[in-house]
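Engineer: Protein sequences appear in the order of chains A and B. The numbering of the first sequence is my numbering, which starts it at 1 and goes up by one. The numbering of the second sequence is my numbering, which starts it at 96 and goes up by one.
Rather than coming from a laboratory, the hints here were simulated on the basis of the structure.
Computed, partial: chain B to chain A, Cβ under 8 Å:
hint: 1; residue: TRP106
hint: 2; residue: LEU147
hint: 3; residue: LYS163
hint: 4; residue: VAL177
Quick look at which bits of chain B chain A covers, simulated, 3 or more residues with Cβ under 8 Å:
hint: 5; segment: 119–133
hint: 6; segment: 152–161
hint: 7; segment: 166–175
hint: 8; segment: 183–196
The beta-carbon is built from N, C-alpha and C at its ideal position, and this holds for glycine as well.
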Amino acid sequence: MMFAVATVAVMVALALAVVRALAGPTVFDRLVAANKIGNGVILLLALFGFLTGRPEFLDIGILYGLLNIIAVFAVLKFLRYGDLARSGGEEPENS
Amino acid sequence: MMSVVVDIVSWVLLLAGGFFLVVGAIGLNRMPDVFSRLQATGVSDTVGAGFLFIGMMVQAGFTLVTVKLAFLLLIFLFTAPVATHAVTRAALSVGVKPKLFDSEGRERQQVVEEVQRSKTDARPEPATKPKVENHAAPRKDGESSSKR
Numbered sequence: 001m002m003f004a005v006a007t008v009a010v011m012v013a014l015a016l017a018v019v020r021a022l023a024g025p026t027v028f029d030r031l032v033a034a035n036k037i038g039n040g041v042i043l044l045l046a047l048f049g050f051l052t053g054r055p056e057f058l059d060i061g062i063l064y065g066l067l068n069i070i071a072v073f074a075v076l077k078f079l080r081y082g083d084l085a086r087s088g089g090e091e092p093e094n095s
Numbered sequence: 096m097m098s099v100v101v102d103i104v105s106w107v108l109l110l111a112g113g114f115f116l117v118v119g120a121i122g123l124n125r126m127p128d129v130f131s132r133l134q135a136t137g138v139s140d141t142v143g144a145g146f147l148f149i150g151m152m153v154q155a156g157f158t159l160v161t162v163k164l165a166f167l168l169l170i171f172l173f174t175a176p177v178a179t180h181a182v183t184r185a186a187l188s189v190g191v192k193p194k195l196f197d198s199e200g201r202e203r204q205q206v207v208e209e210v211q212r213s214k215t216d217a218r219p220e221p222a223t224k225p226k227v228e229n230h231a232a233p234r235k236d237g238e239s240s241s242k243r
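Excised from the complex, chain A in its bound form (with noise of 0.2 Å):
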């Protein structure tokens, strides 16, 4: 029962983060909300786990958790450089 509360919380959240990320005015606030839909998507799995009876999805939330950062720094990198085979010390040329 505690767990069906926290994953329809969780549930709730992500549903605002989707408002957010389809109405966001700046690429900005789209990240913010894909970076958020990411957490929330690490807690349901846990909290799927726990509901079915079966906590053995955690791994995958692991992986996931390492996958949204590298995510999140590949947009920023994208955006700020408009290339991912670049190192990062350059300044980048103004447009």
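With chain A held as given, fit chain B onto it using these hints.
Structural biologist: Positioned in the frame of chain A, the structure of chain B alone reads:
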């Protein structure tokens, strides 16, 4: 008796975690600015996830599941502030301006210019003449938008 205590503790922790997550999501929708949205969602997301994971740990007991949950909590505690900081730095360097208001409700621009000036002072090499012109152009835009 013991299981009742464990249930009550994990009820409280899971409810607190869900509350913080929903509050962060509401702040993500209602705040006026990228930076305040980051503030609202980054902080409360970390706290809510921490409460939820600790609640699940209390329910799981001393098993391997608790160790995995502790690793997940550790990953959250490291990655959420780093991601928030990176998004903030990227938004400032691209040129997204925070909405600032003084005590009378008018928008301010000085703090943004001070931030950008300190950035150019910290790295004196790339501060060449075209960069100064680039900084001067949005400043005029900001003045005209504040007059409106």
